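Trainee: Using the hints, position chain B against chain A.
Here is what each chain is made of, one letter per residue.
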Amino acid sequence: MTLYASQSLLEQIHALGEAAYPEEGAGLLYGEIRGDDRLATGVRPLPNSVEEDGRRRRYRIAPQEMIAAEMEAEHQGLEVIGVFHSHPDHPAVASETDREWALPWYSYLITSVREGRAAESRSWRLTDDRSMMIEEAVSVAQEARW
Amino acid sequence: MVMIRVPAPLRPYTGGAKEVQVQGQTVATALADLSLRHPDLRPHLFDDRGELRPFVNLFLNEEDIRSLQGTATPVAEGDRLMIVPSIAGGRPDQPALPRVDHAALRTNQAVIIGSLIGAFIADSGWLVALVGAIMALGSLLGVAGFLPIYRLLRAAGSFKPDVLPDHPEPHRFAQALGAAFLLAGSLALGLGVAAAGWALTWIVIGLAALNLFGGLCVGCLVYYWLSRLGAPWFTKTPPAGARPGRRPPAPSDSPR
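Protein chains in written order, with the numbering used here: chain A, 1 to 146; chain B, 1001 to 1256.
These aren't lab readings, by the way, just hints derived from the structure by calculation. The structure presented is a predicted model; accordingly, all values stated were derived computationally and were not measured. Please note: incorrect hints may appear among the correct ones.
[As the list claims (entries may be wrong)] For each label pair, taking beta carbons as the anchor points, the in silico distance ranges come out as:
no., chain 1, residue 1, chain 2, residue 2, range
1, A, 75, B, 1250, 49 to 55 Å
2, B, 1023, A, 18, 49 to 55 Å
3, B, 1180, A, 141, 45 to 51 Å
4, B, 1160, A, 15, 46 to 52 Å
5, B, 1225, A, 145, 48 to 54 Å
6, A, 64, B, 1048, 27 to 33 Å
7, A, 67, B, 1023, 21 to 27 Å
8, B, 1226, A, 12, 19 to 25 Å
9, B, 1040, A, 75, 44 to 50 Å
10, B, 1016, A, 64, 21 to 27 Å
11, A, 12, B, 1154, 58 to 64 Å
12, A, 64, B, 1163, 17 to 23 Å
[Unchecked claim] Sample of chain B residues at the chain A side, in silico, Cβ under 10 Å:
no., residue
13, 1010
14, 1011
15, 1044
16, 1054
17, 1055
18, 1061
19, 1064
20, 1079
21, 1082
22, 1088
23, 1234
[To be verified] A few chain A positions that, by computed beta-carbon distances, are all more than 12 Å from chain B:
no., residue
24, 7
25, 79
26, 121
27, 140
28, 145
Just so it is clear, CB atoms sit at the ideal spot from N, CA and C, and this is done for glycine as well.
Just chain A, with the same shape it has in the complex:
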């Protein structure tokens, strides 16, 4: 259970989290699947559809965006493999809200943004029984490769 990503993709994701600060930034991860591992190759930033007040601690991606993203990914021969979002001034640990709303199988990559600077990124997956989010390894290399 590993999420592979290139250094430049991770930097792109960090930049999205920093740009959204102090609100939560979010997007979908595109990539390839191999068994229980995935290789993230792209990120599609998505508008946070939570009303203004709640954006500092919530994000939501509208279903229409989701349909468009799935079609775009499919067009590129890729899959939506997971979701990226930032936790402003909060650890990169999946919250109770994250678990309640999570879908199985997806990789939930969370970036902690402290005082406007991306600090750490960790990835989580929902267990089959929905009881918890377990951490998966994130393997970052110079180039996007398994």
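Mentor: Relative to the frame of chain A, chain B by itself:
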């Protein structure tokens, strides 16, 4: 037969199938048939009460069923039902703060200042000890020592409570600190070290006045300072939007 399109994250529960043919007259019965065919899918679509999970969106021939008749929307042969997850989450909420009546705290401070100045004028170490003991008792009970006086004043009317979301612990600690100063002071007075005894008493008067008139709770500041140092028992951090030791913002100021 109706065709249901399953999103990638739910495909492991349909044996990898992207599309599943089901029977049903409405969206609800079609979904029921789907979860009968693939029981492992059920917990991801429905909660314990059998309600659709909030992130499950259904599009019938590309139209959101919420704008149709919801799950009661009829489906016909050849229709295409799409399950689309909406993705959401976020960092944890701040746990709700307890309420602290700051009017009770201010009354407490006013009574402490008044009685201690009275004790100084009357040169009564016993009165200092009494005020210290009442404050210590209040701290043990987790209330303002002179709460009964505040209650009497409120019962008499014209006294408005000033209830704010706040941590009671720092105020409790501040009062306990004052009690310790006064009990030490009264001990010094009893032992004949008047200068030390009155100095300790005046420190308490000064800090209570700073809180009452200046709105700064020095004891709370010490509490939050110890909390930052990671001292055991000092677990609370200042309420969101409040400077340590200062009055926290009124609830209407907070988002949501």
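Trainee: Now look at each hint and say whether the structure bears it out.
Mentor: Status of each hint after checking the structure:
For residue 75 (chain A) and residue 1250 (chain B), the Cβ-Cβ distance of about 52 Å falls inside the hinted range of 49 to 55 Å, so the restraint holds. A hinted range of 49 to 55 Å for the beta carbons of residue 1023 (chain B) and residue 18 (chain A) is consistent with their spacing of about 50 Å. Remark: the range hint 45 to 51 Å for residue 1180 (chain B) to residue 141 (chain A) is contradicted by a beta-carbon distance near 59 Å. Between residue 1160 (chain B) and residue 15 (chain A) the C-beta distance comes to about 50 Å, which sits within the given range of 46 to 52 Å.
Residue 1225 (chain B) and residue 145 (chain A) have their C-beta atoms about 50 Å apart, which keeps the hinted 48 to 54 Å range intact. Between residue 64 (chain A) and residue 1048 (chain B), the C-beta spacing of about 29 Å keeps the proposed range 27 to 33 Å intact. One distance hint, 21 to 27 Å for the beta-carbon pair residue 67 (chain A) and residue 1023 (chain B), holds here, with the actual separation near 25 Å. A beta carbon spacing of about 42 Å between residue 1226 (chain B) and residue 12 (chain A) contradicts the range 19 to 25 Å that was offered as a hint.
At roughly 30 Å, the beta-carbon separation of residue 1040 (chain B) and residue 75 (chain A) lies outside the given 44 to 50 Å, and the hint is violated. As the Cβ distance of residue 1016 (chain B) to residue 64 (chain A) is approximately 26 Å, the hint placing it in 21 to 27 Å holds. Our hint of 58 to 64 Å for residue 12 (chain A) and residue 1154 (chain B) holds, since their Cβ atoms are close to 59 Å apart. Distance hint for residue 64 (chain A) and residue 1163 (chain B): a CB-CB separation of about 44 Å, inconsistent with the stated range 17 to 23 Å.
Against a cut-off of 10 Å between C-beta atoms, the interface hint on residue 1010 (chain B) holds, since the closest Cβ of chain A lies about 7 Å away. Hint status for residue 1011 (chain B) relative to chain A: holds, with the closest Cβ pair at about 8 Å, below 10 Å. Interface restraint check: residue 1044 (chain B) against chain A, minimum CB-CB distance 6 Å, threshold 10 Å, status holds. Nearest Cβ of chain A to the Cβ of residue 1054 (chain B): about 7 Å, under the 10 Å cut. The hint holds.
Taken as an interface hint, residue 1055 (chain B) checks out: its beta carbon lies about 5 Å from the nearest beta carbon of chain A, inside 10 Å. For residue 1061 (chain B), the suggested interface contact is broken, since its CB lies about 13 Å from the closest CB of chain A, more than 10 Å. Against a cut-off of 10 Å between C-beta atoms, the interface hint on residue 1064 (chain B) holds, since the closest Cβ of chain A lies about 7 Å away. The closest approach between the C-beta of residue 1079 (chain B) and any C-beta of chain A is roughly 17 Å, which is over the 10 Å cut-off, so the hint fails.
Checking residue 1082 (chain B) against chain A: minimum C-beta separation of about 7 Å stays under 10 Å; hint holds. Satisfaction of the interface hint for residue 1088 (chain B) is found here, the shortest Cβ-Cβ separation to chain A being roughly 4 Å, below the 10 Å cut-off. For residue 1234 (chain B), the suggested interface contact is broken, since its CB lies about 21 Å from the closest CB of chain A, more than 10 Å. Every CB of chain B is more than 12 Å from the CB of residue 7 (chain A) (nearest about 25 Å), matching its label as outside the interface.
Residue-level check failed: residue 79 (chain A) sits 6 Å from the nearest beta carbon of chain B, not beyond 12 Å. In this structure residue 121 (chain A) is separated from chain B by more than 12 Å, as the shortest Cβ-Cβ distance comes to about 14 Å. With a least beta-carbon separation of about 22 Å from chain B, residue 140 (chain A) lies farther than 12 Å from that chain, consistent with its non-interface assignment. Distance check for residue 145 (chain A) against chain B: the nearest CB is about 22 Å away, which clears 12 Å, and the non-interface claim stands.
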